[in-house]
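Trainee: Sequence:
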Amino acid sequence: MFKNSRDEDGQVLVLALILLSVIIVAIQGMYEVMQEVDRKIKLTQVSDLAAFSAANAVATNLNTQAFINQAQLSHQMAVGNLVTLLSLAKYRSAMSERSKRMNPPVWLIGMHFGPAHSMVYSSAQNTDSEIRRLEKALSEHQQASLDLAKVARALHFNLKKVRDETIKQIVTSHYPEADGEITWWIEEDTVPDMVRWEKFTGNYHALIERLSKTYKFLSPRNKRRLSPNVLPQCTYMPPVLLRQGETSLEKNGLWMSRDSESFHKVLWNMYTNCFYREYPMGWGMNKATQYVDETNAPSNFASQTFLSWAISQGINVFTASNNNLANAWAQRDASTSQSSASLQRAVLHRKTGGFKLVLKEKKRVATSKGKVFYESWDGKKKDPSLYQAYWHGRLSW
8 MFKNSRDEDG QVLVLALILL SVIIVAIQGM YEVMQEVDRK IKLTQVSDLA AFSAANAVAT
68 NLNTQAFINQ AQLSHQMAVG NLVTLLSLAK YRSAMSERSK RMNPPVWLIG MHFGPAHSMV
128 YSSAQNTDSE IRRLEKALSE HQQASLDLAK VARALHFNLK KVRDETIKQI VTSHYPEADG
188 EITWWIEEDT VPDMVRWEKF TGNYHALIER LSKTYKFLSP RNKRRLSPNV LPQCTYMPPV
248 LLRQGETSLE KNGLWMSRDS ESFHKVLWNM YTNCFYREYP MGWGMNKATQ YVDETNAPSN
308 FASQTFLSWA ISQGINVFTA SNNNLANAWA QRDASTSQSS ASLQRAVLHR KTGGFKLVLK
368 EKKRVATSKG KVFYESWDGK KKDPSLYQAY WHGRLSW
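Numbered according to our numbering, the sequence shown spans residues 8 to 404.
Bear in mind the hints are in silico, worked out from the structure with no lab data behind them. Since the model is a prediction, treat every value here as computed from it, not as a measurement. There's no promise every hint is true.
Calculated pairs, BS3-like style, for lysine-lysine (alpha carbon to alpha carbon, straight line, at most 27 Å) [as the list claims (entries may be wrong)]:
id, residue 1, residue 2
1, K107, K230
2, K49, K258
3, K376, K175
4, K49, K370
5, K358, K388
6, K387, K369
7, K49, K363
8, K49, K157
9, K258, K223
10, K157, K107
11, K220, K206
12, K47, K389
13, K175, K370
14, K367, K387
15, K49, K220
16, K223, K143
17, K206, K167
18, K230, K143
19, K376, K363
20, K175, K220
21, K143, K47
22, K376, K206
23, K376, K387
24, K388, K376
25, K358, K167
26, K167, K367
27, K49, K369
28, K168, K367
29, K206, K272
30, K258, K272
31, K157, K168
Here are the computed distance ranges between Cβ atoms for each label pair [stated by the list, open to error]:
id, residue 1, residue 2, range
32, G121, N259, 38 to 44 Å
33, N236, Q311, 24 to 30 Å
34, S136, Y278, 53 to 59 Å
35, D385, L218, 20 to 26 Å
36, G121, D340, 28 to 34 Å
C-beta: ideal position from N, C-alpha, C; glycine also.
Start from the sequences, fold in the hints, and give me the full structure.
Mentor: Next up, the structure:
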């Protein structure tokens, strides 16, 4: 008995349709799996890109801080030199006035200390125009430093914001129509603790002082000359030509420079025997805001003698070791043109920094770690610093 061929064909067709349906379902499932894999890969790539870019944004911020710190150190050296030039200009201007008034006389200086010293004394010129130029330069330096300090402050307090904005831009550019389906957050964050904002401290003071030692122009300017011409009653006390000068960084971080020169003439009377009478020849000073000198000196001694004034101030008139009167006049005429506002700075607190970025799209989650580290371009191991722009960003695993 034979089967109907049409029945057999129908059975084969049914099996073929079933097999085709299975293949279609498998292909559709494979497509959906591939789509899910693509979405996951994209999410991971975007997460890595965002973390890498954010780490480099932090490194750029720190490198900019390093350049600013270098500029501020250079500014400090420039201010130290300008302040010194200012006090020297004022010193020469005062010397010009004193030599014209012959107080003390030029010939007297020449008699005691030779023609070279009398020539320097008599050739001093008025420096008012130079003083104005230097004060303008100092003011411009100060303003530039204040502007840099504002930039540094903004960089510091926006460090975390810049990092987060970088992540946001990367995520938004790759998912422009996400409409809230993409969320992200930061975990294990040590970036905000990398840098602290500090006012002027002892460490910064020591750093500036150490750097200033490399400039001979800022070193003490002290010279002492003794005259061979002595009074018969005071052979043990020769007349003295005393030059004093110093540039120093005060505790408040501001520069002070003072220059003076005085002729200490030896006088004698029956009450004190031999003593030194100071005749200022030149003086100049640019002071820090907190500098205080308790010596009060009159402009002249018409109403009291030098000796009585010196004794009232506790000045030792038997040793010509200090230009007390000239320095007091320098303090009286001193100007102040500095500000401590520019001394605030970013200070490194942690040697490295890092964070973990968590990026979520619906049920899919990707995590990436960014790291900020310090490495010299020459490969040499160096301690992390905010004075060298060797900061880098990378992914961390």
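Trainee: Which earlier hints turn out false for this structure, listed by number in ascending order?
Mentor: 2, 6, 8, 10, 12, 14, 15, 18, 20, 21, 22, 29, 30 and 34
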